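Chain by chain, the residues run as shown.
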Amino acid sequence: MSKNLLSRTNIIWTVLVLVLFALMTLLMQMGIINSYYQSVIFNICINIILAVSLNLIVGICGQFSLGHAGFMAIGAYSAGIITKMIPNYWGMLLGILVGFVISTVAALIVSIPTLRLKGDYLAIATLGFSEIIRICIQNMKITNGAAGLTGIPQLTTWPIFFFCMILAIMICTSFVKSAPGRACIAINDDEIAAEAMGINTTRFKVIAFVVGAILASLAGAIMANYFYVLTPGQFTFNRSIDILVMVVFGGMGSMSASVIAAILIGLLNMYLQQFTDLRMIIYGAALVLMMIFRPQGILGTWEFSLEKLLEKWKARASNKGSRRRYYG
Amino acid sequence: MAELLKVSSLSKNFGGLAAVSGINMSINEGELIGLIGPNGAGKTTLFNLLTGVYTPSEGLIELETTQGKKQIGGLAPYKITELGLARTFQNIRLFKSMSVLDNVKTAMQKNVGYGVPSALLRTAKFYNAERWVEEKAEEYLKDVGLYKKRFEAADNLPYGEQRRLEIARALATEPKILFLDEPAAGMNPQETAELTDLIDHLRKKYNLTVILIEHDMSLVMNVCERIYVLNYGKLIASGSPEEIQNNEFVISAYLGEEI
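If you read the protein sequences in the order shown, they are chains A and B. Residue numbering for the first sequence is 1 to 328, as defined by this note's numbering. Residue numbering for the second sequence is 329 to 587, as defined by this note's numbering.
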């Protein structure tokens, strides 16, 4: 674990992220990544935010949530409605913040009663909750019902997508590598032991759930301000399952796995775009095969760690060095 | 010696079965108490009542705290742990996906001293607290002799070491009273002897009151100052090891009565 904010690994990470950003920006400017591929990349950014935030709830804390699309819808509609009234970045910021507040309140309402219980009550409650959100949106005037919102200003640009994605990944990984994160992993490992070690299990489950919900609403908000149109049909149960598939596919409890799975599935979706119906069948089949042959996901709980990688390289380099000296 | 924990007419019923009934105990500061009894006597149930896993059907559990006597029966386990009671488990319950070190760190939750905002913003407070937690956790691991294995997965440790890690983890909650549920189960005589020394060492170092459930009589008779004997959910005897060894109720509970 890095000892302070300016540790070697943190600096290298910052450089890598900036280089990636510069490279992608350059490719977009030069037109090598055309607008179609751009929208694919933006979708992947949104999916990464959703996948890492759901992984925090499902993979790290072990609480099975099926309502991620609901929180996403809250964020999307908050941002959509407000930016239609105030079509600038202040409006968007306000929309995102309003989305945060509403999704926090909603997450607390759903989670406090259900997370006190042990077992799968959360899955059922969140499933119901996200359907309630969708039906509400479908029947409210302010959301323009089933027809959906149109003409939302396109405020989200590539830097915003990238920044939000990195922010979400950073929030989730910092959370995991801290005392609250350890508490959540402990709850996932053994709830009785966790409680006996002084961990208020309900509190930490609710914290993880709320953080996940807030990030989902962020994903919804930046999505709303990119695609012009919002309809309740975008936030069905299928959307929640889509996100869950990424988490399970990558490996529950590993953030790097969620990122990789979100990218892979994003690319897969691009190629399967003509076969929308077939896509769900392929997903289903893939999940079944996965559960049979590799239930822990592609990467399991393996987490990419720059620190460990550097140490390995160092060890290898010094090994080579000493061997050379020995033979020399 | 001041009284630290007082249990009065404590009972727990599961449906029609009285797993534990009418237990009265008084535990003084710094004592090492043994809790013995045949299988199914209610020893673990009693532990679960004392540490909050079960809510008592009847009776009081009073703990001497800095704010005077406090009734802890029926409180949530984490609250009881915060008040200074820690335990190990009969069937080992480590956090299997974590490293040995992280297992201990996790148990230091109440003293970490920073919240989610500091963790997410990676403030100086976070780094200082984490450094302190790590040093402290390493110290606990040195106590139980697992320092060298601190980066190993807890699940990969051999059985005896897993038991010692459970003790280190319980210590990390900074308890006043440590409950050990069959710490020597599955150990060979050599390991049991080492464990006896370890318990003695930790008790002195951390000024602990220890209550242990054990079937290994060599351990119980060697280290315990006072012993409570349970049978069919009732206390049948209490006293020094010599008194217990010669108590007729205890002998008949273990060996059966003469016909």
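Source of the hints: derived by calculation from the structure; they are not laboratory data. Just so it is clear, the structure is predicted and the values come from calculations on it, not from any experiment. All residues carry an ideal CB built from backbone N, CA and C; glycine is no exception. Hints should not be assumed to be uniformly reliable.
[As the list claims (entries may be wrong)] So, partial list: chain A residues that the calculated Cβ filter (under 7 Å) puts toward chain B:
| hint | residue |
| --- | --- |
| 1 | Ser7 |
| 2 | Arg8 |
| 3 | Ala179 |
| 4 | Asp189 |
| 5 | Asn200 |
Hint check:
| no. | hint | in the structure |
| --- | --- | --- |
| 1 | Ser7 | violated, 9 Å |
| 2 | Arg8 | violated, 15 Å |
| 3 | Ala179 | holds, 4 Å |
| 4 | Asp189 | holds, 4 Å |
| 5 | Asn200 | holds, 5 Å |
Going through the hint list in order, the structure does not satisfy hints 1, 2.
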